[in-house]
Structures are given as C-alpha cells and as structure tokens.
Amino acid sequence: MATHSSHSRPSQHSQTFSAHFDTRGYPVVDVRTGYAGWVERYEETVEDLMDVDVLASLAVPRWHEAVRAADLGCGTGRTGAWLRGQGVGAVDGVDLTPQMLERARARGAHEKLIEADLAHTGLSGGAYPLVVTSLVDEHLPDLRPLYREAFRLAAPDGLFVLVGLHPQFIMTAGMPTHFTAADGTETAITTHLHYVGDHVAAGLAAGWTLAELREEKVGDAWVARKPKWERYRGVPVSAAYVWRKIS
1 MATHSSHSRP SQHSQTFSAH FDTRGYPVVD VRTGYAGWVE RYEETVEDLM
51 DVDVLASLAV PRWHEAVRAA DLGCGTGRTG AWLRGQGVGA VDGVDLTPQM
101 LERARARGAH EKLIEADLAH TGLSGGAYPL VVTSLVDEHL PDLRPLYREA
151 FRLAAPDGLF VLVGLHPQFI MTAGMPTHFT AADGTETAIT THLHYVGDHV
201 AAGLAAGWTL AELREEKVGD AWVARKPKWE RYRGVPVSAA YVWRKIS
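If you read the sequence shown in UniProt numbering, its first letter stands for residue 1, the second for the next number, and so on.
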C-alpha cells in the first residue's frame, strides 16, 4: 500500500471512513505517520491477493509492451518489482513517505524515486505508456487530482491502471486500513470511501476512457489464507480499473 497526500477539497461523495463505518475504534493517524510506522512490517502483512494478483488477472494491459511506467504511491517497491517482473522496461516511483522510499530504493526496481504528493509528482508529462496506482485511493480525500495527474503523465494511447480496496468490503468489514505499531497498538490510517461510481466520474472528467473494470471477490484463496474471512465470502474485496488515454 502506497502513501501520499492531497490538499484538495474532498469530492462530493467522499466520506471519512471512521465517521460512518468503523467498527474497530483504533486510534487514527495521518498517512505519512502511519506508513512510517508500518514500514518495518509492511511486506509481511500486505497480501498479494489484494493487489498484484488482481493486476495479473487483467485482460487489457500488455505489461511487457510498456517501455516505461510511473508507479504512483510506490511504497516499498512491491508493485514496481512486480511490473519489472512482467517485462516493463523501466519504472519511476513517487511516494510521500521517506521511509517507504528508502525501502524501495534498497529494492532496486525503480530507475527514479521521488518524494512528492501524487497530485503534483514532478514527473514529465506525456512520458509514460503505463501509469499504475496500487492500494492508494482509500487515503485520498478527493480522487480527481490523482486522475488528472495520471492523465498528464500518460503518453497518447497510454494506460492508467488502478487497483485498491473495494468500498463494499471496507463498509462490510468495518475495517479501515490499519497496522500494528511497534508498541503493539492497532493503529488506523486515515481512510476515505470512494464508490465505484466516484472512480468512473473522476476518470471520465479527467479525459480517460474506461477499458476494463474488475471486482475481485473473497473466495477460496482468501478463505484459505484468512479462515475468518469465510463470513465475507462473495463480498468484493478489491477493485481494479484500466483506463486508456485516447489520442
């Protein structure tokens, strides 16, 4: 899960998670503080089933054809390493949290790493056949700046692939993004709800054309990994959107 910040006004449909659906009652910290505290155990706790396995299931992206990708909210470099493993030529990463970038730098999957807000990455416009964001959107109060920046970065006919927690799962499980702090305290990171329609509206407003939409449900693989999730069987846990920049 990647880190970032947004100072934009929240969209009409954005809801701060804890105000409506939180059944856990964990103390809440901001995104940069949260991921700085989570970095030591992040790789141990994030499941590939949540994001990279969903990316692998998509039909539209031809990963190996991308000579360069922008990895927005690159975190520790998990997504960047996966992209390189699929044959992407080079990957540039952006994240807000220095500690996560330090891990990504040590991993070595990225050609360039930048500490920046995802709404203003500082990367070159029109330079990326592929833009990817993984496990990021629930931390943004407003989706629109992310979609606009991704559109600016994308080359003509380029793709923007976004995968994240499905809003239905967040509401059903009553579970914000959270981690176990060094002192053992379960700690939530500021989480926002964005419905599928909010993504569609933000993407279309930025100029994107929707090419693929996938909702991945809790099934046998998830229950085998987390037996207590049997009660969530059939609930969509991840959502993936593939957008194309029509030239």
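Among the hints, erroneous ones may be present.
Said to hold, decoys possible - In silico EDC-like pairs for lysine to aspartate or glutamate, Cα to Cα no more than 20 Å straight-line: (1) Lys228 x Glu44; (2) Lys217 x Glu111; (3) Lys228 x Glu186; (4) Lys226 x Glu102; (5) Lys217 x Glu102; (6) Lys217 x Glu40; (7) Lys228 x Glu102; (8) Lys217 x Asp53; (9) Lys226 x Glu47; (10) Lys228 x Glu212.
Claimed, not checked - Between beta-carbon pairs, the in silico distance windows are: (11) Gly219 x Gly87: 38 to 48 Å; (12) Lys226 x Ala182: 18 to 28 Å; (13) Ala56 x Ala205: 37 to 47 Å; (14) Gln86 x Glu47: 14 to 24 Å; (15) Ser247 x Gly184: 32 to 42 Å; (16) Arg62 x Arg24: 37 to 47 Å; (17) Ala127 x Asp220: 39 to 49 Å.
These aren't lab readings, by the way, just hints derived from the structure by calculation.
Please read all numbers here as calculations on a predicted model, not as lab measurements.
For every residue, glycine included, the Cβ atom is placed at its ideal position computed from N, Cα and C.
These are the hints, each one checked on the structure:
1. Lys228 x Glu44: 19 Å, holds
2. Lys217 x Glu111: 34 Å, violated
3. Lys228 x Glu186: 18 Å, holds
4. Lys226 x Glu102: 30 Å, violated
5. Lys217 x Glu102: With a Cα-Cα distance of about 33 Å, the restraint between Lys217 and Glu102 is violated, given a limit of 20 Å.
6. Lys217 x Glu40: It is violated: about 29 Å lies between the C-alpha atoms, which goes past 20 Å.
7. Lys228 x Glu102: 34 Å, violated
8. Lys217 x Asp53: 12 Å, holds
9. Lys226 x Glu47: Cα-Cα ~10 Å, so holds.
10. Lys228 x Glu212: Roughly 31 Å between the alpha carbons, so the hint for Lys228 and Glu212 is violated.
11. Gly219 x Gly87: 38 to 48 Å: 28 Å, violated
12. Lys226 x Ala182: 18 to 28 Å: 24 Å, holds
13. Ala56 x Ala205: 37 to 47 Å: 29 Å, violated
14. Gln86 x Glu47: 14 to 24 Å: This hint holds: roughly 19 Å between Cβ atoms.
15. Ser247 x Gly184: 32 to 42 Å: 52 Å, violated
16. Arg62 x Arg24: 37 to 47 Å: Roughly 40 Å apart at Cβ, these two residues keep to the hinted range, so it holds.
17. Ala127 x Asp220: 39 to 49 Å: Holds, since Ala127 and Asp220 (Cβ atoms, about 41 Å apart) stay within the stated range.
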